[in-house]
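As given, the protein sequences belong to chains A and B, one line each in that order.
Residue numbers for the first sequence follow the numbering used here, beginning at 104 and rising by one.
Residue numbers for the second sequence follow the numbering used here, beginning at 19 and rising by one.
There's no promise every hint is true.
Listed next, the in silico DSSO-like pairs over lysine-lysine satisfying Cα-Cα at most 30 Å (straight line) [said to hold, decoys possible]:
no., chain 1, residue 1, chain 2, residue 2
1, A, 112, B, 89
2, B, 127, A, 160
3, A, 160, B, 124
4, B, 89, A, 160
5, B, 23, B, 124
Using C-beta positions, here's what the derived DEER-type ranges look like [said to hold, decoys possible]:
no., chain 1, residue 1, chain 2, residue 2, range
6, A, 117, B, 85, 27 to 37 Å
7, A, 183, B, 21, 39 to 49 Å
8, B, 86, A, 116, 43 to 53 Å
9, B, 79, A, 183, 30 to 40 Å
10, B, 44, A, 186, 38 to 48 Å
11, A, 120, B, 36, 20 to 30 Å
Calculated directly from the structure, the hints in this document are not laboratory data.
Here a beta-carbon is modelled for each residue, glycine too, at the ideal position from N, C-alpha and C.
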Amino acid sequence: DSGVTQTPKHLITATGQRVTLRCSPRSGDLSVYWYQQSLDQGLQFLIQYYNGEERAKGNILERFSAQQFPDLHSELNLSSLELGDSALYFCASSWTPTAADGYTFGSGTRLTVV
Amino acid sequence: DQQVKQNSPSLSVQEGRISILNCDYTNSMFDYFLWYKKYPAEGPTFLISISSIKDKNEDGRFTVFLNKSAKHLSLHIVPSQPGDSAVYFCAASGAQGGSEKLVFGKGMKLTVNP
């Protein structure tokens with residue numbers, strides 16, 4: 104157990120629907136990162152939050168949004184889902200806003216859009 | 019535009035021999051490099067890192083070498099063990115607007131045969 108909790112582990116939904124992925128960071132970590140891993144792709148950075156504030160944005164679609172709450176958990180909202188959104192979504196956390204000491208990843212949420 | 023490249027998708031070695039995993043990067047602003055290991059159905063776990071001010075970092079059976087002029091790094095595992103069989107991701111970071119998000123390669127599957 105890495106200490107980073109992601110729910111749900113698996114999600115199957117239809118095209119056009121909206122889903123919410125949840126992440127609880129490791130205790131004491133203020134930074135949360137969201138990554139997407141599609142088939143044959145590396146981990147693509149989506150967005151980072153640090154202590155409730157958006158810190159950096161990557162290749163995140165406009166249909167996707169995220170937020171970090173006062174208790175530091177984070178949610179990634181995916182709407183108007185398309186088949187191509189099927190992927191593994193990872194959340195990671197760190198105690199600093201930088202990545203020098205690496206992140207701690209959760210075990211991911213596997214999203215399947217049918 | 020892929021800034022971190024792992025050009026070989028897979029590697030197979032015999033137990034006890036050396037495993038060498040390679041990674042190339044294009045962005046000269048990267049100043050910190052990390053290797054992550056990922057088992058199926060788990061999130062990536064941090065393995066070893068190296069700062070751009072060093073050319074070698076060693077941790078037990080794992081050594082990372084950095085050649086800045088060639089924009090190349092490699093991970094050596096000696097001796098390789100069957101439990102090392104996993105997907106290995108190379109990642110890089112550099113301060114970009116105060117956030118050092120990690121940029122990952124596509125990963126390389128290592129198989130260590132008994």
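> Taking only the CA atoms, is the gap from residue 160 (chain A) to residue 124 (chain B) under or equal to 30 Å?
Replying inline: holds, 20 Å
> Is it true that residue 120 (chain A) and residue 36 (chain B) lie within 20 to 30 Å of each other by Cβ?
Replying inline: violated, 48 Å
>> Does the beta carbon distance between residue 44 (chain B) and residue 186 (chain A) stay inside 38 to 48 Å, or does it fall outside?
In response: For residue 186 (chain A) against residue 44 (chain B), whose Cβ atoms are near 31 Å apart, the range 38 to 48 Å is violated.
> Is the straight-line distance between the alpha-carbon of residue 112 (chain A) and that of residue 89 (chain B) 30 Å or less?
Replying inline: violated, 37 Å
>> Next pair to validate is residue 127 (chain B) with residue 160 (chain A); report whether the Cα-Cα distance is within 30 Å.
In response: holds, 29 Å
> So does residue 117 (chain A) sit 27 to 37 Å from residue 85 (chain B), Cβ to Cβ?
Replying inline: violated, 49 Å
> Has the hinted range 39 to 49 Å been met by the Cβ atoms of residue 183 (chain A) and residue 21 (chain B)?
Replying inline: violated, 29 Å
>> Between the alpha carbons of residue 23 (chain B) and residue 124 (chain B), is the straight-line distance 30 Å or under?
In response: Given that 30 Å is the threshold and the Cα spacing comes to 7 Å, the pair holds.
> Do the beta carbons of residue 86 (chain B) and residue 116 (chain A) sit within 43 to 53 Å of each other?
Replying inline: Check passed, 45 Å falls within 43 to 53 Å.
>> Need the status of pair residue 89 (chain B), residue 160 (chain A): alpha-carbon distance at most 30 Å?
In response: It holds: about 25 Å lies between the C-alpha atoms, which stays within 30 Å.
>> Range first: 30 to 40 Å. Now tell me if the beta carbons of residue 79 (chain B) and residue 183 (chain A) are that far apart.
In response: violated, 47 Å
Checked against the numbered hints listed earlier, the structure breaks hints 1, 6, 7, 9, 10 and 11; every other hint is satisfied.
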